[in-house]
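Here's the letter readout for the chains.
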Amino acid sequence: MTEIFGIILIEGLIYGIMALGVFISFRILDFPDLTVDGSFPMGAAVMAACLLADIPYVAAFALTFIAGSLAGMTTAVFHNKLKIPGLLAGILTMTILYSINLRIQNFSPNISFLKVETLFDSVHDMMKGVMGSTWSVLLLLVAVTFVLKTLLDLFFHTDMGLTLGAMGDNEQMVIAQGVNPRVMKMIGIGVSNGLVAISGAFAAQYQGQADVNLGRGIVVMGLASVMIGEFLIKSNRISLLTLRVLLGSIAFRGIMFLARNLTFLNLKPSDLQLIYGLSIVLLLLVTGRKQKKNKRSV
Amino acid sequence: MKKITIFALVLSVLAMPVLAGGQSDEEKTVKIGISKIVEHPALNAIEQGIQDELAALGYADAEYDLQNAAGDMNTASQIAAMFKMEKVDVAVGIATPTAIALATGIKDQPVVFSAVTDPVGAGLVDNLEEGKNNVTGISDMTPVQMQIGIIADLGNVKSIGHIYSSGEPNAVKLAEYAEEGCRDRGIEFVAATVANSSEVMQAAASIANKVDAIYLSTDNTVFSALGSVVEVATKAGIPVFTADTTSAVDSGVLGAYGFDYYKLGRATGKLVARILEGEDPASIPTQFMTEASDLDLVLNLDVAEALGLSIPDALVKDATTVVKDGKVQ
Numbered sequence: 001m002t003e004i005f006g007i008i009l010i011e012g013l014i015y016g017i018m019a020l021g022v023f024i025s026f027r028i029l030d031f032p033d034l035t036v037d038g039s040f041p042m043g044a045a046v047m048a049a050c051l052l053a054d055i056p057y058v059a060a061f062a063l064t065f066i067a068g069s070l071a072g073m074t075t076a077v078f079h080n081k082l083k084i085p086g087l088l089a090g091i092l093t094m095t096i097l098y099s100i101n102l103r104i105q106n107f108s109p110n111i112s113f114l115k116v117e118t119l120f121d122s123v124h125d126m127m128k129g130v131m132g133s134t135w136s137v138l139l140l141l142v143a144v145t146f147v148l149k150t151l152l153d154l155f156f157h158t159d160m161g162l163t164l165g166a167m168g169d170n171e172q173m174v175i176a177q178g179v180n181p182r183v184m185k186m187i188g189i190g191v192s193n194g195l196v197a198i199s200g201a202f203a204a205q206y207q208g209q210a211d212v213n214l215g216r217g218i219v220v221m222g223l224a225s226v227m228i229g230e231f232l233i234k235s236n237r238i239s240l241l242t243l244r245v246l247l248g249s250i251a252f253r254g255i256m257f258l259a260r261n262l263t264f265l266n267l268k269p270s271d272l273q274l275i276y277g278l279s280i281v282l283l284l285l286v287t288g289r290k291q292k293k294n295k296r297s298v
Numbered sequence: 001m002k003k004i005t006i007f008a009l010v011l012s013v014l015a016m017p018v019l020a021g022g023q024s025d026e027e028k029t030v031k032i033g034i035s036k037i038v039e040h041p042a043l044n045a046i047e048q049g050i051q052d053e054l055a056a057l058g059y060a061d062a063e064y065d066l067q068n069a070a071g072d073m074n075t076a077s078q079i080a081a082m083f084k085m086e087k088v089d090v091a092v093g094i095a096t097p098t099a100i101a102l103a104t105g106i107k108d109q110p111v112v113f114s115a116v117t118d119p120v121g122a123g124l125v126d127n128l129e130e131g132k133n134n135v136t137g138i139s140d141m142t143p144v145q146m147q148i149g150i151i152a153d154l155g156n157v158k159s160i161g162h163i164y165s166s167g168e169p170n171a172v173k174l175a176e177y178a179e180e181g182c183r184d185r186g187i188e189f190v191a192a193t194v195a196n197s198s199e200v201m202q203a204a205a206s207i208a209n210k211v212d213a214i215y216l217s218t219d220n221t222v223f224s225a226l227g228s229v230v231e232v233a234t235k236a237g238i239p240v241f242t243a244d245t246t247s248a249v250d251s252g253v254l255g256a257y258g259f260d261y262y263k264l265g266r267a268t269g270k271l272v273a274r275i276l277e278g279e280d281p282a283s284i285p286t287q288f289m290t291e292a293s294d295l296d297l298v299l300n301l302d303v304a305e306a307l308g309l310s311i312p313d314a315l316v317k318d319a320t321t322v323v324k325d326g327k328v329q
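Residue numbers (the numbering used here), protein chains in the order written: chain A, 1 to 298; chain B, 1 to 329.
Quick caveat, the hints were computed from the structure, so don't treat them as lab data.
Keep in mind that the hints are not guaranteed to be accurate.
Unchecked claim - Chain B regions said to be covered by chain A (calculated; three or more residues, Cβ under 8 Å):
| # | segment |
| --- | --- |
| 1 | 62 to 76 |
| 2 | 118 to 124 |
Claimed, not checked - For lysine to any residue, the following SDA-like pairs were computed, each having C-alpha atoms within a straight-line distance of at most 25 Å:
| # | chain 1 | residue 1 | chain 2 | residue 2 |
| --- | --- | --- | --- | --- |
| 3 | B | Lys87 | A | Gly132 |
| 4 | A | Lys234 | A | Phe146 |
| 5 | A | Lys128 | B | Gly71 |
| 6 | A | Lys115 | B | Ile106 |
| 7 | A | Lys115 | B | Ala282 |
| 8 | A | Lys81 | A | Arg182 |
| 9 | B | Lys87 | A | Ser133 |
| 10 | B | Lys84 | B | Gly308 |
| 11 | A | Lys115 | B | Asn134 |
| 12 | A | Lys115 | B | Gln109 |
| 13 | B | Lys107 | A | Arg260 |
| 14 | A | Lys115 | B | Asp280 |
| 15 | B | Lys107 | A | Tyr57 |
| 16 | A | Lys149 | A | Ser235 |
| 17 | A | Lys115 | B | Gly71 |
| 18 | A | Lys115 | B | Lys132 |
| 19 | A | Lys115 | B | Gly308 |
| 20 | B | Lys235 | B | Gly308 |
| 21 | B | Lys270 | B | Glu86 |
| 22 | A | Lys115 | B | Phe288 |
Even for Gly, the Cβ is constructed at its ideal location relative to N, Cα and C.
Using the sequences provided together with the hints, build the complete structure.
Here is the structure:
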């Protein structure tokens, strides 16, 4: 029974890293970035290529982050230099990435990790006898997300990080300070998609495969996680902002799990997407109501 | 107020497993978990076949947990985790991604894969002679060589066009085999790939004037736009031959050679029953649908006539289903 919590936490943290990326682009930069649906499977593809080539994990994750960042920067270039609207720029990169990802995967749409040792397998082997596979994986992910979250918090306390945050709020003000918003956007979207790619690499290892279709609808999950997080904690402190994204992601996984088990309502497995969608709408409705109420009382 | 909402949410998350688990801890019956990648006629037929076969073998009161990843690979592993917790007696994965997700997530309960074209390539098993630990299953490898052979027998076929989805592992593998089959016979192989079904018509148009026939393997993406392939091919005056026998009767396809996915489901059910009886998955080799009784040849002579093709009599004799004058014979 407790295993369920373990799994919800594991998935919540894995996709939480992606949600952190989505949080940076959507909330901090105020840039609707759909590159995510392509950079997520890209992370999986790069990880698959690295594992097959016996590249050590640290280097593999570094390459994954770089690949994702490059994908994000491509979107930024499309947007900044070619003046393509943000939404379309992301969709374009995502479309392009489908072919690129197939190339990275050597034209095979699905690479199974059953034949190679993944980071999770290694950790599991190391912890054998000490704890079960679920808990060793969870421990690893808690450590990884903690490090990533802390790095992100530190980044947002640097001058550059603060400028990034200010830019999402008021771009004109930042320009008036002599900052080039294009460069800032490029860095922000790059970091965002780098995180998404890392999340994709973890998700692929968790599922045992890198698949070109892995990214379908990922950005929606990320957005939902961010919004659920906002529903949970109200704050402006960056450390709480990033924490609530992770909590939101865990809660979203929990909702998914619950939705999957609503068999007593005579629901069919194919109704699942409907349930996800409706539960998010419901949540937004509740959040919206609450905000209105707060405003009225002020 | 804020604290209360947080508390309520945490509480509801905590309550989930209780709500979810309440139904599974009852009396001990056989429980089978089936995870398929999408809602699709062929995959649904497998699901039905498994249940019908098990019922026929005496497992009439078996309990099923039918799950569908709805095309979302990320959901597939969540399904695996759920089957693991429910302690299903056998977990069945229909299609490659769902099968891999089950084999990755479940290590101590039997996992049966179905409709996986290349189980060795997918790492589900190390070789076709035996299972791997808790995993064994059935391949939906269609007789590509024979299909290409039949097209070649139609006479005067110098090049075969093949449309397939670059995103489907099975389709890509089958395309490799088809290319090999064409090469062996000295036939030119012209491929066109698609990423989704909206591209199928254009892909068909791009090769229709360059080839003498179009061959389609069991590719879900392409089959969802079969009508447009037939339309383009008919205009160009070339036949379409497929690996999916269910599509061949009234869709304007010249013919098909392969097996019925329902039969694959029945065979999967048989395999599940063997494991329920106590056989070790590791000792069961990968099964194939290669028995003559598994395979059907469907020919539509009306389409042949419209295209001005004469089908060799020997081939018509071999056919299990022949359509003539709008009637199935």
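Hints, one by one, checked against the model:
no.	hint	result
1	62 to 76	holds (count 10)
2	118 to 124	holds (count 4)
3	B:Lys87 to A:Gly132	holds (16 Å)
4	A:Lys234 to A:Phe146	holds (21 Å)
5	A:Lys128 to B:Gly71	violated (34 Å)
6	A:Lys115 to B:Ile106	holds (16 Å)
7	A:Lys115 to B:Ala282	holds (16 Å)
8	A:Lys81 to A:Arg182	holds (9 Å)
9	B:Lys87 to A:Ser133	holds (16 Å)
10	B:Lys84 to B:Gly308	violated (56 Å)
11	A:Lys115 to B:Asn134	holds (15 Å)
12	A:Lys115 to B:Gln109	holds (19 Å)
13	B:Lys107 to A:Arg260	holds (22 Å)
14	A:Lys115 to B:Asp280	holds (21 Å)
15	B:Lys107 to A:Tyr57	holds (24 Å)
16	A:Lys149 to A:Ser235	holds (16 Å)
17	A:Lys115 to B:Gly71	holds (24 Å)
18	A:Lys115 to B:Lys132	holds (12 Å)
19	A:Lys115 to B:Gly308	violated (50 Å)
20	B:Lys235 to B:Gly308	holds (13 Å)
21	B:Lys270 to B:Glu86	holds (22 Å)
22	A:Lys115 to B:Phe288	holds (22 Å)
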